[in-house]
Amino acid sequence: MNRLFCIFLVLNILILPVRAQDEDPGDRPVRAPFESGIIIDNQTTVVPMARTLEYNIQHKFSPMDNGLSDLFGIYSPGANMRMHFSYVPLKNLQVGYGLSLHKMFSDFSAKYTLLEQTRNDRIPVAVGLYGNMAIDGRHKDAFGQGYDFLNRLAYFSQVIVGRKFSDRISVQANGSFTHYNATPEGYDRDRVSVGVNGRINLTFQSSILLQYDRPLFIEGLTEYREEDRQELSRPNLGIGWEIRTSSHVFHINITSTKGMIPQENAMFNTYDFTDGELMFGFSMIRLWNF
Amino acid sequence: MKRNAFFLMIMALATMGLLAFVATPQQGQKAGEPWDIPEEYKNMDNPYADDASLDRLGRGNYARHCRSCHGRNGEGDGPMAAQLNTFPGDFTDSEWQKKYNDGEIYYMSIIGRDEMPNFESTIPDKEERWAIVNHIRSLEK
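So the protein lines, in turn, are chains R and Y.
Here the first sequence is numbered in the numbering used here, starting from 106 and rising by one per residue.
Here the second sequence is numbered in the numbering used here, starting from -10 and rising by one per residue.
None of these hints come from the bench; they were simulated from the model.
One should not assume that every hint holds.
Stated by the list, open to error - Interface residues of chain Y toward chain R, partial, derived using beta-carbon atoms under 10 Å:
#1 R45
#2 R48
#3 R56
#4 S57
Said to hold, decoys possible - Cβ-Cβ distance ranges computed for the label pairs, FRET-style:
#5 Y:A20 to R:D175: 44 to 54 Å
#6 R:M238 to Y:K19: 52 to 62 Å
#7 Y:N74 to R:S352: 16 to 26 Å
#8 R:K196 to Y:P36: 38 to 48 Å
#9 R:E324 to Y:S42: 34 to 44 Å
#10 Y:D103 to R:M238: 20 to 30 Å
#11 Y:Q72 to R:L321: 29 to 39 Å
#12 R:F190 to Y:D34: 35 to 45 Å
#13 R:F190 to Y:K19: 33 to 43 Å
#14 Y:S42 to R:G325: 51 to 61 Å
Even for Gly, the Cβ is constructed at its ideal location relative to N, Cα and C.
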């Protein structure tokens, strides 16, 4: 785990001096590689302009494999919801706080856009860093014997590299590290994941969104023998439709995870999209500029 | 009898549909009061006038920020227009286009007043603002 933290730290130190270079006034950042800071379940490299308040309501229904009997999961109990506020106090820095229904998570997050892709390709990609700390808010009985408040904490950190290829297509790749202070028996506490996601603009106001996140098994990170270990968290496949107005962004999506915070999806996703375990969801994002 | 009732219903629906397209300004809407535009804007030059490279940007921003009230073609017939007390104007009207210069359109579009929102913080980039002005200019019929 320490080694991975070191890798993230070194990456930051290597990238920061590039950020500090004087900006060429003739080579400005590309316009809107993404319309908001969120692409289905993932973060984008985009941080809205300074002094923007973003309010996001996310909802995921149950899996749709019961078909019409529960209207593809919409009438089924067990939906998950999240409300999230974030604010941009400084250019390229966003801080946020969210509340999720599942496990009664409270999450504190920060995102910083280290590099912005420029129009003349002097900087060919955008690079963003995202991290959060989530607190499992359930009753302490849920944590078993030897309860300690620290057992509630889970962390997630991510490096995102993105490029807007044209007015129609933007693509991102990410690498993530998840750490839970405590997990149920058989589950590792550390997980590395990779992902790719992107946007295809259909019109000026709507786009198709795609995402695929894959948790990786790394021998050095596991704490269990194979026979004692729970199955690796399943990949998260998602497709969505984005609609944007002057101050709103709406997503209607189908994903193969029910988690609202990324560490839950990286560590505990049991839904397998190859078995048709997909679920409807939506996000409503409201932006205010002050 | 039943056939007549059905025919009448179709005619009523068709009439309502036609009225929805024809009646502008909406019933109960007043025409906008004259704008009080500062000299600074009246004398402002458009640095991007005739810049065709901004056409797409202008169309996109107009679609996102303006179309819901001003309508796809700028006739003041967007889906939100009916909720306004003031008719949002007809950009296709050549009289309207002659009446204002680019700086004045910039002021009305970005600074706004009353029901016309201020877009200074929503559209911070000057280039994007002027792209909208250029697009409004292109709507003249």
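Outcome of the hint check:
1. Hint status for R45 of chain Y: holds, given a least beta-carbon distance of 7 Å to chain R, under 10 Å.
2. Restraint check, R48 of chain Y versus chain R: the minimum CB separation of about 7 Å is within 10 Å; hint holds.
3. Interface hint at R56 of chain Y: satisfied, since its Cβ lies 8 Å from the closest Cβ of chain R, which is below the 10 Å cut-off.
4. Given the 10 Å rule on beta carbons, the hint for S57 of chain Y holds: about 7 Å separates it from the nearest Cβ of chain R.
5. Between A20 of chain Y and D175 of chain R the Cβ separation comes to about 53 Å, which falls inside the hinted range of 44 to 54 Å.
6. Remark: the range hint 52 to 62 Å for M238 of chain R to K19 of chain Y is upheld by a beta-carbon distance near 54 Å.
7. The given range of 16 to 26 Å is respected by N74 of chain Y and S352 of chain R, whose C-beta atoms sit roughly 21 Å from each other.
8. A hinted range of 38 to 48 Å is violated for the C-beta pair K196 of chain R and P36 of chain Y, which are about 24 Å apart.
9. A hinted range of 34 to 44 Å for the beta carbons of E324 of chain R and S42 of chain Y is inconsistent with their spacing of about 53 Å.
10. Range check, D103 of chain Y to M238 of chain R: Cβ separation about 45 Å, and the 20 to 30 Å hint is violated.
11. Between Q72 of chain Y and L321 of chain R the beta carbons are some 52 Å apart, a value that contradicts the proposed interval 29 to 39 Å.
12. F190 of chain R and D34 of chain Y have their C-beta atoms about 41 Å apart, which keeps the hinted 35 to 45 Å range intact.
13. Separation of F190 of chain R from K19 of chain Y is about 39 Å and conforms to the stated range, judged on CB atoms against 33 to 43 Å.
14. Between S42 of chain Y and G325 of chain R the Cβ separation comes to about 52 Å, which falls inside the hinted range of 51 to 61 Å.
Checked against the numbered hints above, the structure violates hints 8, 9, 10 and 11; every other hint is satisfied.
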